[in-house]
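Which chain is which? The protein sequence lines are D and G, in order. The opening position of the first sequence corresponds to residue 1 in the numbering used here, with each subsequent residue numbered one higher. The opening position of the second sequence corresponds to residue 78 in the numbering used here, with each subsequent residue numbered one higher.
It is possible that some hints are incorrect.
[Unchecked claim] Calculated lysine to aspartate or glutamate pairs in the EDC-like style (CA-CA distance at most 20 Å, straight line):
hint: 1; chain 1: G; residue 1: K148; chain 2: G; residue 2: D92
hint: 2; chain 1: D; residue 1: K76; chain 2: G; residue 2: D95
hint: 3; chain 1: G; residue 1: K148; chain 2: G; residue 2: D94
hint: 4; chain 1: G; residue 1: K148; chain 2: G; residue 2: E250
hint: 5; chain 1: G; residue 1: K160; chain 2: G; residue 2: E247
hint: 6; chain 1: G; residue 1: K160; chain 2: G; residue 2: E107
hint: 7; chain 1: D; residue 1: K76; chain 2: G; residue 2: D92
hint: 8; chain 1: D; residue 1: K76; chain 2: G; residue 2: E129
hint: 9; chain 1: G; residue 1: K148; chain 2: G; residue 2: E247
hint: 10; chain 1: G; residue 1: K148; chain 2: G; residue 2: D95
hint: 11; chain 1: D; residue 1: K76; chain 2: G; residue 2: D94
hint: 12; chain 1: G; residue 1: K160; chain 2: G; residue 2: E170
hint: 13; chain 1: G; residue 1: K148; chain 2: G; residue 2: D83
hint: 14; chain 1: G; residue 1: K160; chain 2: G; residue 2: E125
hint: 15; chain 1: G; residue 1: K281; chain 2: D; residue 2: E48
[Claimed, not checked] Between beta-carbon pairs, the in silico distance windows are:
hint: 16; chain 1: D; residue 1: T61; chain 2: G; residue 2: E191; range: 49 to 55 Å
hint: 17; chain 1: D; residue 1: D37; chain 2: G; residue 2: D103; range: 45 to 51 Å
hint: 18; chain 1: D; residue 1: K76; chain 2: G; residue 2: L80; range: 22 to 28 Å
The hints are simulated quantities; they were obtained by calculation from the structure and are not laboratory data. Please read all numbers here as calculations on a predicted model, not as lab measurements. Cβ atoms here follow ideal geometry from the backbone N, Cα and C, with glycine treated the same way.
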Amino acid sequence: MTEMNCNEFVELVTDFLDGALDEDDQTRFVDHLSLCDGCSTYLDQIRETSDALADLPAVQTLPDEAREHLLAAFRKT
Amino acid sequence: MPLPPDDELVIRLRDGDDTAFALVLDAWSEGMLRLARSFVADADTAAEVVQETWLAVIRGLGRFEGRSALKTWVYRICVNQAKRRGVAESRFEPVPGVDDGPTVDPARFRSDDEEWAGHWRSLPAPWPDPEQQALAGEIRARLAAALARLPERQRVVITLRDVEGYGSDEVCEMLEITAANQRVLLHRARAFVRAELETYYAGKEVRA
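Make a model of the complete structure from these sequences and hints.
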């Protein structure tokens with residue numbers, strides 16, 4: 001089993017976070033992660049990016065008029 | 078307050094219980110607006126898409142078979158409505174030549190003829206503590222700008238997965254794509270957005 005390099009690691013972060021790596025790649029990935037500060041930082045930053053996106057507030061709500069129109073349409077059925 | 082379980086909701090909706098309809102309308106419309114907005118040019122069009130979606134849901138309730146979650150079914154209708162109004166593509170497969178290749182600039186790694194080939198030339202700079210309130214608003218603005226710059230298919234996937242928090246299976250159901258394709262798009266989108274944040278933080282470092 002060959003060691004993983006950083007340029008391969010960065011392309012596997014999403015698979016890793018989704019639990020989609022096969023057994024061999026998972027082992028190589030985790031091994032590399034434990035040895036490489038740069039890749040550890042990169043993975044953390046991908047997670048942070050994903051977490052930050054989860055905090056984006058809703059920018060748009062359904063206007064009251066639209067809501068009333070839809071409720072009326074529902075009642076008609 | 079959590080919604081009633083699907084089987085109860087469906088019975089009530091089919092019975093014409095408008096309290097139940099108001100519940101789902103209020104619970105799901107914001108997320109649907111965000112989803113629609115990732116397809117269409119402006120907020121007004123997104124609002125139209127969501128209204129058309131709800132009307133289609135009302136008409137189609139008799140056809141819902143419970144093979145997926147009700148919300149997934151509603152969102153899938155929303156995706157289809159949005160695709161019809163959207164400017165660009167209707168297919169969600171990764172585009173060859175666009176959605177493949179490295180997501181991190183190869184120049185950031187040592188080349189094959191160097192020692193430690195494939196390793197970082199210089200390590201990614203750590204980011205400051207995201208809890209700092211002063212940065213929060215600016216970060217959100219940068220994130221929104223980054224999302225707007227993504228190709229539609231990537232924006233839709235990252236919106237559903239990361240902004241809205243749906244799991245891989247649900248998103249595949251909504252968009253009718255494979256898990257592998259969905260992950261390719263998510264991967265590219267996340268790498269791009271991360272890079273935008275990296276640029277932002279690097280700029281702040283320089284100014285400090």
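Evaluated hints:
no. : hint                        : result
1   : G:K148 to G:D92             : holds, 18 Å
2   : D:K76 to G:D95              : holds, 10 Å
3   : G:K148 to G:D94             : holds, 17 Å
4   : G:K148 to G:E250            : holds, 11 Å
5   : G:K160 to G:E247            : holds, 18 Å
6   : G:K160 to G:E107            : holds, 18 Å
7   : D:K76 to G:D92              : holds, 12 Å
8   : D:K76 to G:E129             : holds, 16 Å
9   : G:K148 to G:E247            : holds, 10 Å
10  : G:K148 to G:D95             : holds, 17 Å
11  : D:K76 to G:D94              : holds, 11 Å
12  : G:K160 to G:E170            : holds, 14 Å
13  : G:K148 to G:D83             : holds, 9 Å
14  : G:K160 to G:E125            : holds, 13 Å
15  : G:K281 to D:E48             : holds, 18 Å
16  : D:T61 to G:E191: 49 to 55 Å : holds, 54 Å
17  : D:D37 to G:D103: 45 to 51 Å : holds, 47 Å
18  : D:K76 to G:L80: 22 to 28 Å  : holds, 23 Å
Of the numbered hints given earlier, the model fails none.
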